[in-house]
Amino acid sequence: MALRHFSLELEELNEMLLRMGSLVESSIRRSVQSLVNRDKEMAKAVMRDEPTINQMQVEVDARATRVLALNQPVARDLRFLTATLKINTDLERMGDLAVNIAERAVALINRPPVKPLEDIPRMAALVQDMVLKSLEAFVKVNAELADSICPADIEVDALRDKVYSELVEYMQRDPVSVPAAVDLIFVARNLERIADHATNIAEDVIFLAKGVDYRRAVGPARGV
Amino acid sequence: MRHFIEELEDLQGRLLEMGTLVESAIHNSVRALTERSETLAQQVLGNEDRINHLEIEIDELSVRLLALQQPMAKDLRFLTAAIKINTDLERMGDLAVNIVERAIALMGRPAVKPLIDIPQMARTAESMVRKSLDAFVKREPELARSVLLSDDTVDRLRDSIHSELISFMQEDPESIPQALDLILVARHLERIADHATNIAEDTLFLVKGVDVRHHLEPNY
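Protein chains in written order, with the numbering used here: chain B, -5 to 218; chain P, 275 to 494.
These aren't lab readings, by the way, just hints derived from the structure by calculation.
Bear in mind that the values here come from a model prediction, so they are computed numbers and not experimental data.
Worth double-checking, as some hints may not be accurate.
[Stated by the list, open to error] Straight-line C-alpha distance at most 25 Å; calculated SDA-like pairs for lysine to any residue: (1) B:Lys156 x P:Asp446; (2) B:Lys80 x B:Lys156; (3) B:Lys38 x B:Ala56; (4) B:Lys80 x P:Ile330; (5) B:Lys80 x P:Phe352; (6) B:Lys134 x B:Ala39; (7) B:Lys80 x P:Val481; (8) B:Lys38 x P:Val481; (9) B:Lys80 x P:Arg432.
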């Protein structure tokens, strides 16, 4: 394999990660849409995209590792590559969670509707915005933008708790609704986990932007 | 600077220290649940900081070695695996804390049913964690592969716990909050097993140099 220009390699890696990010974003959006619109075909489309996301994860990993090995990057480039490895893991997991939502959507479509969905779409809107912003912050290496998603994470957690207690009450009044309500509780939980992964990405961006030098940060502590 | 091999050994030692802490967190979280023990629950919560701290240390050490030592081939794969395993272990520690949170919620309420499947699921998940770490340390692909097989057992147990608790809730709506807590515990255990599977896959990658994630390589 020819050794290509390092910055070109980094650029390509960045693009691969962003392509993966858009597919994951779209999976999240479609999974929630399939739930709200009771659209089984859309849910299935999300499931069909999972292998592509997985394949992208393996490729990003392989590429990032190869770039690390061949170029011995330091400082900012090294931080970028470390962030890439971490963000890659988060994105793949978000893709899995979108598939979980799509699976719950299919189960729910096969049952009579429990109640009009209000809080879950609100949660989903917040979560999708967090995902978009965290990826945008990564592209622009913008710590401020990354930091701006924190309040949404708190709101998402609060909505998850609200959805939970409402559905518990609902099930207690109407035990027939138990399977559907449990599915919805899991959807809320999956959305909350997606928000957590977006927060992880934001944290990686902050690290990337602030430029703490690992070697200096670790050096003295390890001198003992 | 110390010799590279020593640094790698040090890194592996820390990963193992973290692994031991996480294993014990998982074990104690389930015991806190089954024995309704506040003491064990607090013990798990008390160890969370140490696990989080180790994660940061291991991350910094791995990245420093990547940057300064220009590792190639197997050493590079080891460092990549270390970074991934570190993330998995930290996440397992979080999941043990989540189980403890459910255990504490359940302590304040009457017990709904004797726990049989959850302890069994926990035993399988714990043994997967132990085996995956063992396989990593000893570079044993056979052992790593056996972890991949157990993951199906855990998924089946989770499904059976799930449907059992659903009927339980329908028969006795009073039990719904407790049953939901138990469904979540089963879900956390399933996720712990998934992370053990990741470690096993990373070990196969380390030993064989082939990525077996997502069953892209059916021969392993």
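Structure-based check of each hint:
{"no.": "1", "hint": "B:Lys156 x P:Asp446", "in the structure": "23 Å, holds"}
{"no.": "2", "hint": "B:Lys80 x B:Lys156", "in the structure": "31 Å, violated"}
{"no.": "3", "hint": "B:Lys38 x B:Ala56", "in the structure": "29 Å, violated"}
{"no.": "4", "hint": "B:Lys80 x P:Ile330", "in the structure": "13 Å, holds"}
{"no.": "5", "hint": "B:Lys80 x P:Phe352", "in the structure": "16 Å, holds"}
{"no.": "6", "hint": "B:Lys134 x B:Ala39", "in the structure": "31 Å, violated"}
{"no.": "7", "hint": "B:Lys80 x P:Val481", "in the structure": "22 Å, holds"}
{"no.": "8", "hint": "B:Lys38 x P:Val481", "in the structure": "36 Å, violated"}
{"no.": "9", "hint": "B:Lys80 x P:Arg432", "in the structure": "28 Å, violated"}
Checked against the numbered hints listed earlier, the structure breaks hints 2, 3, 6, 8, 9; every other hint is satisfied.
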